[in-house]
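> The chain contents come next:
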Amino acid sequence: MKNLNILLKNNINCFLGSIQGKRARKRTYLIVSLCILFYIGICTIYGFQVLALFKTMGELGLGEIPLFNSYQIVLMLLILFAFQSLNGKAKTQDSDLLLSMPIKKIDIVISKTISKYLFLLLIISMIILPTTILYCIFVEISANIIFWNLFLLVFLPLFSIGISYCVDFVVSKLFNKLKHANVIKAVLVILLFGAFFAVYMYNSSIMGFQTSDTIEKFLSSNFIVGWCVKLIVDNNLLCLLYISLLVLFLFILGMIAYSYIYGKSYLSYNIKSDTLKFSKGGLFDGMLNKELKKYFDTPIYMINTIIGPMLLVILTIFLCVKNDMDFSVIFGQENVTQNFFSVVILVYLFMASMTMSSACSISLEGKSLWILRSTPSNTKKILLAKSLVNMILFIPVHLITAIIILLVFHGGQFEWIMFILLPLILNIVISFMGTYINLLLPKLKWDSEVQVVKNSASILVTMLFGIIIAMFPIILNLFGVNIYMCGWITLAFYLILAIISVLLLFIDGKNRFNKLDC
Amino acid sequence: MLKLINYSKVYPNGKVGASNISLNVKKGDIFAFIGPNGAGKTTTIKSIVGINDVTEGDIIVDGISIKDDAMKVKSIIAYIPDNPDVYDTLTGIQYINLISDIYKVSKKDREELTNKYSELLGLKDELNNPISNYSHGMRQKLVIIASLVHRPKLLVLDEPFVGLDPKASYVVKEIMKEFCKQGGAIFFSTHVLEVAEKLCNKVAIIKNGKIVKSGSMAEIKKDKSLEEVFLETNK
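Heads up: the protein sequence lines correspond to chains C and P, in order.
Numbered continuously in this note's numbering, the first sequence closes out at residue 518.
Numbered continuously in this note's numbering, the second sequence closes out at residue 235.
Among these hints, one or two may not hold up.
Stated by the list, open to error - Listed below are the simulated DSSO-like cross-link pairs for lysine-lysine, each with C-alpha atoms no more than 27 Å apart in a straight line:
| # | chain 1 | residue 1 | chain 2 | residue 2 |
| --- | --- | --- | --- | --- |
| 1 | C | K381 | P | K107 |
| 2 | C | K116 | C | K173 |
| 3 | P | K153 | C | K381 |
| 4 | C | K367 | P | K108 |
| 5 | P | K15 | C | K293 |
| 6 | P | K124 | C | K367 |
| 7 | C | K515 | P | K210 |
| 8 | P | K107 | C | K277 |
| 9 | P | K124 | C | K380 |
| 10 | P | K210 | C | K380 |
| 11 | P | K72 | P | K104 |
| 12 | P | K3 | C | K280 |
| 13 | P | K3 | C | K515 |
| 14 | C | K454 | P | K224 |
| 15 | C | K280 | P | K116 |
| 16 | P | K67 | C | K515 |
| 17 | P | K67 | C | K381 |
| 18 | C | K510 | P | K67 |
| 19 | P | K3 | P | K67 |
| 20 | P | K67 | C | K277 |
| 21 | P | K107 | C | K293 |
| 22 | C | K443 | P | K210 |
| 23 | P | K153 | C | K280 |
| 24 | P | K104 | C | K280 |
| 25 | C | K510 | P | K72 |
| 26 | C | K380 | P | K72 |
| 27 | P | K108 | C | K515 |
| 28 | P | K107 | C | K515 |
| 29 | P | K213 | C | K116 |
| 30 | C | K515 | P | K104 |
| 31 | C | K179 | P | K210 |
| 32 | P | K72 | C | K280 |
| 33 | P | K72 | C | K104 |
| 34 | P | K107 | C | K380 |
| 35 | P | K116 | C | K515 |
| 36 | C | K381 | P | K15 |
| 37 | C | K381 | P | K3 |
| 38 | C | K380 | P | K67 |
If you're looking for bench data, these hints aren't it; they were derived computationally from the structure.
Extracted from the complex, chain P is given alone in its bound form:
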């Protein structure tokens, strides 16, 4: 579903954000992307979703290169950023309608999926209110709902659990599992290693823009905890 082939990103000021990264995320995978602050996680994620350009190498989503057809790639991806900055002047439902319009979601689908996920995440009663009234967690929930409305094939999440209450975190994890069972794939960064350990079947550790470990969770962990592996690689 997602392939990074020798992907590198160099910023215009010469700073290397990511260097020679190769990863493979298959259908049904929940792939954890972990690393210390400033390691290059967000840089890589932003290239996958088409925000950052690719300096070298390529990113292939569902067989399509982002270099060849970024719009087609974007139409099958849903991105949830680390900071849910959304349009304050809109109401929750107006934001969902805007995103649905962009992805050309039918009225029936947007109604069905919005109702489903907003009820699960406990945001339905707030959708008619302006986003400026929302807390960080509520914004995060709104972004999650809007990202699922167009039935993406690949979910790319950057620190998705920050600001969510325990119940919402549980619901999001269940949604992620269900999403992968139905043939989707998830690529997400997190600092909560316990969650990554329990939820993911694959993991990659990035440090200074380079992948230092990558593989199935069992291969990487062996008989240690993910936290111990992470600390060893960051000594």
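Bound conformation, chain C alone:
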């Protein structure tokens, strides 16, 4: 127990040290204040988002629907985080040091699990807390409702941890021996997440049609989320039993598996061969190949940045299969048939802004940056190769899916131009600007790619930048500009941004790259 306290204290100190950086206290207060603001902001935004659903469904006596919606999001986040931490590496940076000291392995594993648990608790509380408050205001207030919501809040993170540890075990023992282990891992995660997202979209599309007669069947057909809702609303103890068994089984299994593999080295594939393949290419080919290999061999990098193109494929399939349905349920907008293309283009713009692999491409060089800096590599080609990876990820998927939608839904000339050009140019802007922002905010000292791919300032700034410029046509529309003018003005604006981003990257960015500290 004493060791566990020491380890937990150490984890907290390491976390504080990582946010303090070089500017100690002042920076810590600023970052902690920003984190609190961010937390309150997300809670408020989510609260406003489900407010309408609570009002409408509360009046109809279907309070289960907004609850279902929230717990569906919670489950998706838990699964996403379970797989995002997947790396198949049982060794952490400090595992050798900790295991060499007189500390029980289980204490080390528990201390790491508690840190992970607290993070997940914080994340899902941003969904569950506003949901609970709104449910109490608009539907019903009771001690049971509050208790079961809080119970699920503290209990469900164990589900994510269990899955994450079990997956790490399987990956370490089996997958890592395969030659393309990382690609297989990432593809499996993407397929799984894609399937889950498809279920989410399907549920969202039929959720609004539920009545008091059909709600029971609807909840029963959705295992985990349905169990959570029934437990909260009906005090259904059978559902409590199901949830407890599932979560505890996965968690205990995960803990045993992780304790078994923790600290062990599992090497990847091994080839004993005298035949060496010498291939000659140009600097640009070599750089692009290196960048693509890095991308496809880093599951966390791939999973985080391929969500945009993946959602485009799912959306296209969904739209084409359900081309006779009333899309207002999904898009929440009246007269949606007339505005169908505007809404879909907006979705594409947001997906284009979410695909930003270049925003951490410089940081991912990490300690290897000396290679590019000490060799006669053309900086422009390096930066172009890094930006190009992002375009390779998005543009082909965008073009294929956009053309399919345009053909299926008979888009006019204006729709063809806007649908093809706007997301394409926006992605080009994000690709170049992402690399440039990463040069402004590089993070070259890191222990795990997760710190760069998920938690770095350049990712957050690029994301914010992307969202703002993706919202540009909406802002124009709010000022009363008609859809046609919105399209043309946005196109011109994006073209200007694309030129600016190219100039910034290849003039100022080039100089910044050559001054990076490595």
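Following the hints, position chain P against chain C.
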């Protein structure tokens, strides 16, 4: 081959990494650069290879100023850092191909030199495996092989023997001697003073960013060992 003329490096936070350093490394020289931890060895080396900029003075490699044409200077230098951090996701041979592409090495040359040095260093069987499987020593060997593939004129090494097994250390020393016999020059930092004493014909001792002793090994040592000279300068 390498000239440091009143070279100084001041970091943006005001810390002086190196101050008014002048050195001259000629063709055929093996030049040892020694000093205590934090003395400015790595700072100087990083400026020579173009990673750090030069605050004052100049660095000339084969008659070319690094300030005027850094790319040309880099194309005739090979750098081996103190920590061989290379791309984990590549295999050894993919890394060598990448470096060869950067230096525009012909397919014939890269094949010939990779085979030669990987056999000498005992890494040939591992070149098809991912670098993530390599030990520290194996990574160091890989960086050494990749650095020699483009036939550099100047080798700049930062603690090259750390992590190498005795046989590999011996082979690297032989490669260094052979390299200088063929007209190349070597500038390297080390804490292994016995190696510096046996291998090098010139030496410089750096302390707090300044050169405190510099010259031929015989001049610096006189009748003492290099270790004794080093300890005297660091009292």
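> Each of the hints needs a verdict: does it hold here or not?
Hints versus structure:
At most 27 Å may separate the alpha-carbon atoms for a hinted pair to count; C/K381 and P/K107 meet this at roughly 22 Å. A C-alpha spacing of about 22 Å is found between C/K116 and C/K173, which places the hinted pair at or below 27 Å, so the restraint holds. Taking the CA atoms of P/K153 and C/K381, the gap is near 25 Å; set against the 27 Å cutoff, the hint holds. A hinted pair counts as satisfied when its Cα atoms are at most 27 Å apart, and C/K367 with P/K108 does not qualify at roughly 31 Å.
For the given pair, P/K15 sits about 38 Å from C/K293 by alpha-carbon distance, which is inconsistent with the 27 Å threshold. Using a Cα cut-off of 27 Å, the hinted pair P/K124 and C/K367 holds, with the two alpha carbons roughly 25 Å apart. Note on C/K515 and P/K210: the hinted pairing holds, with a Cα-Cα distance of about 24 Å set against a maximum of 27 Å. Between P/K107 and C/K277 the alpha-carbon distance is near 10 Å, which keeps this suggested pair within the 27 Å criterion.
In summary, the hint linking P/K124 to C/K380 is not supported, as the alpha carbons are separated by about 34 Å, beyond the 27 Å threshold. Annotation: proposed proximity of P/K210 to C/K380 is violated, straight-line Cα distance about 36 Å (limit 27 Å). Between the alpha carbons of P/K72 and P/K104 the distance comes to roughly 13 Å, so the proposed pair stays at or under 27 Å and holds. With a C-alpha separation of about 34 Å, the suggested pairing of P/K3 with C/K280 is violated against the 27 Å cut-off.
With a C-alpha separation of about 22 Å, the suggested pair P/K3 and C/K515 falls inside the 27 Å cut-off, and the hint holds. Under the criterion of a C-alpha separation no larger than 27 Å, the hint pairing C/K454 with P/K224 is inconsistent with the structure, at around 57 Å. Distance restraint check for C/K280 and P/K116: the Cα-Cα separation of roughly 18 Å lies within the 27 Å cut-off, and the hinted pair is therefore satisfied. Only pairs whose Cα atoms come within 27 Å are accepted, and P/K67 paired with C/K515 is accepted, the gap being roughly 13 Å.
With a C-alpha separation of about 21 Å, the suggested pairing of P/K67 with C/K381 holds against the 27 Å cut-off. The hinted pair formed by C/K510 and P/K67 meets the criterion: a straight-line CA distance of about 16 Å does not exceed 27 Å. Of the pairs offered as hints, the one joining P/K3 and P/K67 holds, with about 13 Å between alpha carbons and a cut-off of 27 Å not exceeded. For a cut-off of 27 Å, the pair hint linking P/K67 to C/K277 is broken: about 37 Å separates their Cα positions.
In summary, the hint linking P/K107 to C/K293 is supported, as the alpha carbons are separated by about 22 Å, within the 27 Å threshold. Proposed proximity of C/K443 and P/K210 is contradicted: the alpha carbons are some 31 Å apart, above 27 Å. Between P/K153 and C/K280 the alpha-carbon distance is near 22 Å, which keeps this suggested pair within the 27 Å criterion. At roughly 8 Å between alpha-carbon atoms, P/K104 and C/K280 fall within 27 Å of each other, so this suggested pair holds.
A C-alpha spacing of about 18 Å is found between C/K510 and P/K72, which places the hinted pair at or below 27 Å, so the restraint holds. Pair hint C/K380 plus P/K72 holds up; C-alpha atoms about 16 Å apart against a cutoff of 27 Å. Proximity of P/K108 to C/K515 is assessed by CA-CA distance (about 35 Å); at most 27 Å being required, the pair is judged violated. For the hint pairing P/K107 with C/K515, the CA-to-CA distance comes to about 32 Å; that exceeds 27 Å, so the pair is violated.
At most 27 Å may separate the alpha-carbon atoms for a hinted pair to count; P/K213 and C/K116 exceed this at roughly 54 Å. Straight-line distance between C-alpha atoms of C/K515 and P/K104 comes to about 24 Å, which keeps the hinted pair within the 27 Å bound. For a cut-off of 27 Å, the pair hint linking C/K179 to P/K210 is broken: about 50 Å separates their Cα positions. Straight-line distance between C-alpha atoms of P/K72 and C/K280 comes to about 21 Å, which keeps the hinted pair within the 27 Å bound.
Pair hint P/K72 plus C/K104 does not hold up; C-alpha atoms about 56 Å apart against a cutoff of 27 Å. For the hint pairing P/K107 with C/K380, the CA-to-CA distance comes to about 25 Å; that is within 27 Å, so the pair holds. With a C-alpha separation of about 36 Å, the suggested pairing of P/K116 with C/K515 is violated against the 27 Å cut-off. In summary, the hint linking C/K381 to P/K15 is not supported, as the alpha carbons are separated by about 33 Å, beyond the 27 Å threshold.
With a C-alpha separation of about 30 Å, the suggested pairing of C/K381 with P/K3 is violated against the 27 Å cut-off. The suggested pairing of C/K380 with P/K67 holds, with an alpha-carbon distance near 19 Å, which does not exceed 27 Å.
Violation of the numbered hints given earlier is confined to hints 4, 5, 9, 10, 12, 14, 20, 22, 27, 28, 29, 31, 33, 35, 36 and 37; the remaining hints are satisfied by the structure.
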